[in-house]
Amino acid sequence: MTTATDDSQNALTDFRAEIRIWLEANCPPEMRDGAAGEAAICWGGTSWEFTCEAQKTWLQRCAARGFTVPTWPKAYGGAGLSRDEDKILKQEMQAIGARSPLDSFGIWMLGPALLKFGSEEQKQHFLPPIARGEIRWCQGYSEPGAGSDLAGVQTHAADQGDTWLVNGQKIWTSYADKADWIFALLRTDREAKKHLGISFVLMDMRSKGITTRPIQLISGASPFCETFFEDVEVPKTQVVGTINRGWDVAKYLLTHEREMISNGGNVMGAGRPLGAVLSESETGLSDPILRGDAMRAEIDTLAMEMTLERYKDQAEGGQGLGDASAMLKYMGTELNKRRLELVMAAEGSAALPWEDTPASSWLRTKANSIEGGTSEVMLSIISRRILNLPG
Amino acid sequence: MTTATDDSQNALTDFRAEIRIWLEANCPPEMRDGAAGEAAICWGGTSWEFTCEAQKTWLQRCAARGFTVPTWPKAYGGAGLSRDEDKILKQEMQAIGARSPLDSFGIWMLGPALLKFGSEEQKQHFLPPIARGEIRWCQGYSEPGAGSDLAGVQTHAADQGDTWLVNGQKIWTSYADKADWIFALLRTDREAKKHLGISFVLMDMRSKGITTRPIQLISGASPFCETFFEDVEVPKTQVVGTINRGWDVAKYLLTHEREMISNGGNVMGAGRPLGAVLSESETGLSDPILRGDAMRAEIDTLAMEMTLERYKDQAEGGQGLGDASAMLKYMGTELNKRRLELVMAAEGSAALPWEDTPASSWLRTKANSIEGGTSEVMLSIISRRILNLPG
Amino acid sequence: MAKLIKTEEEILLSEAANGFLSQSAPVSRLREMRDRGATSDPVLWQEMAAAGWAGVLIPEACEGADMGHAAAHVLAREMGRNLTVSPFLSTAVMAATVLRQLQDEASATKMKAIAAGGLTYALALDETSKFDPESVALTAEKRGNGYVLNGTKRFVVDGGSADRVLVLAQGPEGLCLFDLANGAKGLQRDPLTLIDSRDAADLIFEEVEVAGDALLGGEGAGYDLLRPALEAGQAALAAESTGLAEAAFAMTTDYLKERKQFGITIGSFQALQHRAAHLWCEIELTSSAILNAGRLLDEDPKSATLAVSVAKARATETAQKVVQEGVQMHGGIGMTDEFDMGFYMKRARVAAEWLGDYGYHAGVVAKMRGF
Amino acid sequence: MAKLIKTEEEILLSEAANGFLSQSAPVSRLREMRDRGATSDPVLWQEMAAAGWAGVLIPEACEGADMGHAAAHVLAREMGRNLTVSPFLSTAVMAATVLRQLQDEASATKMKAIAAGGLTYALALDETSKFDPESVALTAEKRGNGYVLNGTKRFVVDGGSADRVLVLAQGPEGLCLFDLANGAKGLQRDPLTLIDSRDAADLIFEEVEVAGDALLGGEGAGYDLLRPALEAGQAALAAESTGLAEAAFAMTTDYLKERKQFGITIGSFQALQHRAAHLWCEIELTSSAILNAGRLLDEDPKSATLAVSVAKARATETAQKVVQEGVQMHGGIGMTDEFDMGFYMKRARVAAEWLGDYGYHAGVVAKMRGF
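Protein chains in written order, with our numbering: chain A, 1 to 391; chain B, 1001 to 1391; chain C, 2001 to 2371; chain D, 3001 to 3371.
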């Protein structure tokens, strides 16, 4: 007797075979080097310069099959894959060391927001160019002086009938200088309570009145910018969701972002055992202080990895992650800081020059527990929403 | 030319010689065993049973010279020694391993309070019996449900003209079951602001209506008691300082107590290096986790000792310790907890039985950061009074 | 591998166990035992056996429930919450794991007896104050058809009350595991009065004669036979410690919500909130390690070593952090014997040492991870 | 021993140094140096020499101020506060401590030059990425009346700019300390671009010929001569790190008092208050260790080893905790290069490694304390 489960298992086996054949035929050899990290990313957008012809070919072939956004509906440029199919696609790509064809804030952030809150028109208009890597997006949330208080948005959109007139400043807008469009939180009602008078608005970065300035970090050059808005006109059709209810969209994306950051926080790559990395340092790991700290960090890293897996399993079992994402964000980023402190300590004076050392990564990790919600905000979320402690 | 400094140096040298002779002649051999800790203490009081005749002799001889309270004025049973002389006395006693002739809350706590806030009559009446070890005192500050909020005193003293009528309950009154008298904070004005309606009152424990009940701790039997007051009559002459301003006395004593606790917090005795103690455990200190933690604790212990010395030097230089006593209390007690955790870990399963192990001391240290003001209260004091962070 | 979430069955088991234990074996039962000087609770063990728990790892052919390690962890975790005293770990987890590796009739008979609640075991492992199972000085000398045992085992959990004892000895051909009656001639039991009020004893073997069939699995095979049982025990003990941590944490957050100080609920003090939130995160990570160890022990026990050591190390550390913060956040009342937190602290300390402390398991992790 | 409180003179010195440095060499001067790619500041050193600081450890007979180690720490601490760049530690503390042990004319001449600001030194110590001064592979071979040096020294602080360099080498009769011109033939300098923007270089010795009088103190006496200088340097660096921590902490508490978030001053958040209060306590303990090391180096230098290692270990750890919390409490602005906190973090990292990291000094403490 053939059960339904058998049927679906067979279908997945067929799917895997199909993917294998497709990848074999379509993934250019140059794109099978397993490269990851900043240099290997294809961000897309109108100003994107492909690092090689193969990168362009790979993007186009994936986009044609919907594989840049495999789980999005076909109507919007995706491949409409189920979770299981998506997993198989990723496994098979990993098996041949295939690079990701396209990464972008459009895929990670705006896409999910539009799928949940956008109008049908907005979805049809904005999602396919994201899937094809034609339009590059940046995110405009933070403002100078607001810090963790994201709802304290001051950048103002004045009502002009069919359009808004936008004035103000955003900060920490990653790649604003390279993006085509921005999705931003704007204050559309100054009278309403803090969280209520905010709208989630899409803007063309070429609009008159928008300028950007890159931010230098303690770790060196960064993708972050300051973005200035001076009398920028924006059509009201570019509001996502309900006017003045942009905070709902923002909250949804913040949870989403926390999960991503805690997942992708490992800048040391490839999940190599910390102890093994440290042992390779010139003077090894015989100092009991360093060795003991490395053991502790290794144990915690493994427990963190098991937790990410458990949460993924929970999500597949239909249990939402919800506020527990605050835990992943907090523990993941704090652990990452600890790991880089250990790498620096193990490498000793060899780690102190800027070049060919982990120094810049080490300094960069210090922002992990600030960006996307500080550790303090995460702890307060856990305290209030999970532990139900007062106030 | 002989300078003033030379003169005083000569005087001190003479003093040292005199003390040496006196000790040689008066300290009984049994009292020269260097014993310290609970079992060696002479607490005095009407119910005190001397462990041996020598203990009694030693107390009486010291009391006759004022050496139970060397820095108190002679008029109140002290020896009127200067700081330098007192130091010499202590050094010479230590040199022959002399036990302390008398320890008591009367000496540590009430005495200093009376010297600062008491009336001349009170001083003359109460101090000499303390110095002679005739009256044993206990302290009644904490109340059930009040915890760190010492000013939340509920035990009430109703005004009856020349007397108070006291009703309520105290908790954590050390040795209340063995004490002759108690000094306590009582609410003498229920209308006044919290810190204002409190008085510092002395009461005879034999008064009608006072009962006590010992408290069992997680570490075993303890000197702590609950003390109950039911229609206890107390003459108003037994208020120290101004009526309703007892909080001033309490604050003074709290600072004093913090210094004492942080000084005396080392229950491991004799300042032996932690690492050496741990190395003697059966399985040694080769585990890098244990070894690394022991190294850290050793470094912090040495820095703590240097800090105690520095603060003593500051005090001798005339600089008051003030709120920095909160630091000593906090760091000293937290460090002590760490040390005992390490001792337990180093001794492994050998430390798990109750008998002949550090188990009871280990559990007892957990109270160090609660009694005499919690670590949290200490951190808040530092934050507010030293760092001037907002309320 | 099975997913790192509880199955339906595990959820039901956990609810049932919690219902039973919080009724029949809560902390007050331990307190009562302690107050009358008892260190074991045979009546309770009969009830647990009747519920099928004694046979949790025993095959159905031997009348066990054969529920597997993850299920055993569910039970151990609930016992941890309630500080339930039982020979579950020694007998139902460790001895059972030793015996089920043997395909002989004698072992089947013993397993049946275990599952029925009629037989309990202790494992005599340590010879120093630290767990180090392969360092064995106790000797087994061949004499006639049998052996003679000489030496001392220390800190034998359940060693005072167990019917039988498994002893690792240095035999003529390497480490040998013996299974003998705890009352054997020449075997002296020195019971210890432990801080967690449970049964443990030093066992002194002086010319203890055992028959040839007391040797399990052949000469030199002792540690191979024991090792899976140790890993099973370490993981189950980690689960117990995590249950303990969860219960102590819940007591603490409840107290934070109800206790007032300076006129306000202390749970509204941000410093305490953040510390409590951090503890919650620690417990979450440790829970994942427990689930992971259970899955591996059930599905691929030969590769479970790393997972088990991560679980035991994390659980040890988490439980200690939680009980320390638990006492501190409760203030004076947390220090009184009248209140239960001290019981949690004491059990956490014993569980930290038994079957390998943090440093031991960190060493295993380091080795497995190549440093 | 002198008391562990600052003397009148030390307080005056500290005020004067603070006044001078916060005017003439604040963090903005370091920033400006970095922006134009400079790693040293010879003009500033002249001013410091004019104030007598270059001669702080040089005898009056050699035209120094001979103020002692505690005074040197007062200066180093103020430099730490301001992240002042100077060859103070290499030259005025370490080289001076080496030279004043020698009773010869040549050394006196050098000391006079140092005190006058006319001569700077670097110490070439490390050969691996960790401080380990007695492990020396660089060789000194006798040739004629002189020696030939071959080998590599790494992470030589001030190695790019110093006039002369002290090198520890493996000689025919043990460790030898040589004093040679930094421009000597065969000596190649590879400057490093360090995160703290200060001068350091790898020095490669290829057939570097030095005269016999370049050897200080005799063959085999090199480490005995160097060791007091290393301890002096470690303590002064600890003082610098502590000043750095104090300044970073002050920036942070100032920010806590002024910055608003969610409508209230962030310094009123209790979680931050307690963390800040804890940092203050850490700085207090470390300050005591610094004072203690200074007193011992001045009064009983032979028994100062333990005190120096406690000071360096504590200072290293404290500075790192403070700058890490400093960035976190400042939030995004703390991460920007525009803000000064990053400079403090980077210097704290370099100071953590130089002359022995936490683990190195913890090892010394363990050894001195018998474990």
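No lab work stands behind these hints: they were computed from the structure.
There may be inaccurate statements among the hints.
BS3-like mimics (lysine-lysine), calculated; alpha carbons at most 25 Å apart, straight line [stated by the list, open to error]:
id: 1; chain 1: B; residue 1: Lys1337; chain 2: C; residue 2: Lys2321
id: 2; chain 1: A; residue 1: Lys337; chain 2: D; residue 2: Lys3321
id: 3; chain 1: A; residue 1: Lys193; chain 2: D; residue 2: Lys3260
id: 4; chain 1: C; residue 1: Lys2367; chain 2: A; residue 2: Lys90
id: 5; chain 1: C; residue 1: Lys2321; chain 2: B; residue 2: Lys1194
id: 6; chain 1: C; residue 1: Lys2321; chain 2: A; residue 2: Lys87
id: 7; chain 1: B; residue 1: Lys1312; chain 2: D; residue 2: Lys3006
id: 8; chain 1: D; residue 1: Lys3260; chain 2: B; residue 2: Lys1090
id: 9; chain 1: D; residue 1: Lys3003; chain 2: A; residue 2: Lys194
id: 10; chain 1: B; residue 1: Lys1312; chain 2: D; residue 2: Lys3003
id: 11; chain 1: C; residue 1: Lys2367; chain 2: A; residue 2: Lys337
id: 12; chain 1: D; residue 1: Lys3260; chain 2: A; residue 2: Lys251
id: 13; chain 1: A; residue 1: Lys194; chain 2: D; residue 2: Lys3112
id: 14; chain 1: C; residue 1: Lys2006; chain 2: A; residue 2: Lys87
id: 15; chain 1: D; residue 1: Lys3003; chain 2: B; residue 2: Lys1087
id: 16; chain 1: A; residue 1: Lys337; chain 2: C; residue 2: Lys2003
id: 17; chain 1: B; residue 1: Lys1251; chain 2: C; residue 2: Lys2257
id: 18; chain 1: B; residue 1: Lys1194; chain 2: C; residue 2: Lys2367
Note that the structure is a prediction, hence the values are computed from the model and not measured.
We went through each hint and held it up to the structure:
1. Lys1337/B x Lys2321/C: holds, 12 Å
2. Lys337/A x Lys3321/D: holds, 12 Å
3. Lys193/A x Lys3260/D: Given pair Lys193/A, Lys3260/D holds - Cα atoms ~18 Å apart, limit 25 Å.
4. Lys2367/C x Lys90/A: Judged against 25 Å, a Cα distance of about 31 Å means the pair is violated.
5. Lys2321/C x Lys1194/B: Not satisfied, since the Cα-Cα distance of roughly 36 Å exceeds 25 Å.
6. Lys2321/C x Lys87/A: violated, 38 Å
7. Lys1312/B x Lys3006/D: holds, 13 Å
8. Lys3260/D x Lys1090/B: violated, 53 Å
9. Lys3003/D x Lys194/A: violated, 57 Å
10. Lys1312/B x Lys3003/D: Holds: Lys1312/B and Lys3003/D sit about 9 Å apart, inside 25 Å.
11. Lys2367/C x Lys337/A: holds, 24 Å
12. Lys3260/D x Lys251/A: It holds: about 22 Å lies between the C-alpha atoms, which stays within 25 Å.
13. Lys194/A x Lys3112/D: Answer violated: Lys194/A to Lys3112/D is near 68 Å, above 25 Å.
14. Lys2006/C x Lys87/A: holds, 22 Å
15. Lys3003/D x Lys1087/B: Cα-Cα ~15 Å, so holds.
16. Lys337/A x Lys2003/C: violated, 29 Å
17. Lys1251/B x Lys2257/C: Violated - the C-alpha atoms of Lys2257/C and Lys1251/B are around 29 Å apart, more than 25 Å.
18. Lys1194/B x Lys2367/C: violated, 60 Å
Checked against the numbered hints above, the structure violates hints 4, 5, 6, 8, 9, 13, 16, 17 and 18; every other hint is satisfied.
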